[in-house]
Amino acid sequence: MMEKMIFGRYIPGDSFVHKLDPRAKLIFVFAFIFIVFFANNAVTYGLLLAFTLLIIFISRIRLYFLINGLKPIVFLMIFTFLLHTLFTREGAVILDFGFLKIYEQGLKQGIFISTRFLVLVFMTSILTLTTSPISITDGLEVLLNPLKKLKAPVHELALMMSISLRFIPTLMDETDKIMKAQMARGSDLSAGPLKDRLKAVVPLLVPLFVSAFKRAEDLATAMEVRGYRGGEGRTRYRQLKWDYRDTICLISLVVLTALLVFYRN
Amino acid sequence: MKVKFLAASAIIAALYIAVTMLVAPISFGQVQFRIAEMFNHLVAFNPRYMLGVVLGVLISNFLFSSVGPIDLIFGVGHTVVTLGIFIIICKFVKNIWTRLIINTFLFTFTMFIIAFQLNIVLELPFWETWLVVAAGEFAVLAISAPIMYLLNKRLNFKNLIESE
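Respectively, the protein sequence lines represent chains A and B.
Mapping of the first sequence onto the working numbering: position 39 corresponds to residue 39, and the numbering continues sequentially without gaps.
Mapping of the second sequence onto the working numbering: position 10 corresponds to residue 10, and the numbering continues sequentially without gaps.
Here chain A stands alone, though its shape is the one from the complex (with noise of 0.2 Å):
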């Protein structure tokens, strides 16, 4: 039943793109983070724009996801470039207004800045996107195993990190059925003066919090009675697997680059 529920953003599907390592699209994508800070001219916020196009084409999701995703930061992505359009007086005047003017470097610069942010909110998006959570993690505590020798408690992160991922559906349902609850004694969460919501929120997180932590307990014995000790000698259910797709992904990412690099100003 887990396995069938929505679950964070995943989409699941068998594209190129879903069947990467999470360990190669992870590298993927926090290289990505900085390669995109050298792009400065047309030319090279075009290939960064063609890139990602690419990649959101190969993935085979839907627009409608990604378009989505952008809802939350849309107003920041106006106001970021109507400030750099606005704000910056360098190059030709393009549109006089009389109290306005627009110059050619703002509108340059506000384009500029609002693609590098939709090619980085994009890339990201495909990765949560094509990645199931638990396999992200599984990637990450492998790509972090070096930091276990400087003492960091990767497996135990990595544990957590699944622990968490596995409970929050459980405590969605439960925060739900006690916010009925209340609800259905007479609470209102949406109504009055502010003082009245704040205190209709506190008889719906005490029996959240009291059951949250009977949760914990009883999965940590849970996990001592099955001899759970730590890292150690623990062997893995799901395996992963290096492809000669996971090369292709990142040769790609070096092409690109050095594209960029021999492209910017």
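Mixed in with the good hints there might be a few duds.
[Claimed, not checked] With a Cα cut of at most 25 Å, we get these calculated DMTMM-like pairs of lysine to aspartate or glutamate: (1) 4/B - 173/A; (2) 158/B - 174/A; (3) 177/A - 188/A; (4) 158/B - 156/A; (5) 108/A - 128/B; (6) 71/A - 128/B; (7) 177/A - 218/A; (8) 4/B - 156/A; (9) 4/B - 218/A; (10) 153/B - 176/A.
In case anyone wonders, no lab produced these hints; they're calculated from the structure.
Model the placement of chain B on the given structure of chain A, informed by the hints.
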């Protein structure tokens, strides 16, 4: 790391995310915010809550938000740094109310980390951005401080995780 502490931290993280995803849209109408940020106040009662909260921020930023991984380093860094400073302050301040107030202002102040991030990625002006994001964070924490205080009266957060 003790198994009980590990399990409790993981569940707190899950709770942070569940609350972020469920309660946020309906909670306070016009004032949109992440009500789960109130979990930052848990640290005022016991520093052991820090791990769970940081993990919650990490997972929700990384896996469930569209801005996602861009926010990862700075967003998680912001929480880690601020809670770290706060725990040190807590060694000297024992009164819970004072701690909650200090925490509110501390998180508001350290929002400059987020402003700095926006300054790099979007080249927004640093000071103005700081003002805007800090105002949002201040609203969340100021409103949730009394809630946490009331909750603590019923739940006794200090012992809740200590007995784990």
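Structure-based check of each hint:
1. 4/B - 173/A: Given that 25 Å is the threshold and the Cα spacing comes to 23 Å, the pair holds.
2. 158/B - 174/A: holds (23 Å)
3. 177/A - 188/A: With Cα atoms ~15 Å apart, residue 177/A and residue 188/A stay inside 25 Å; holds.
4. 158/B - 156/A: holds (23 Å)
5. 108/A - 128/B: Roughly 22 Å between the alpha carbons, so the hint for residue 108/A and residue 128/B holds.
6. 71/A - 128/B: Status holds; Cα separation ~23 Å.
7. 177/A - 218/A: holds (20 Å)
8. 4/B - 156/A: Since the Cα atoms of residue 4/B and residue 156/A sit roughly 12 Å apart, the hinted pair holds (cutoff 25 Å).
9. 4/B - 218/A: Holds: residue 4/B and residue 218/A sit about 9 Å apart, inside 25 Å.
10. 153/B - 176/A: With a Cα-Cα distance of about 24 Å, the restraint between residue 153/B and residue 176/A holds, given a limit of 25 Å.
The structure is consistent with each of the numbered hints, conforming to all of them.
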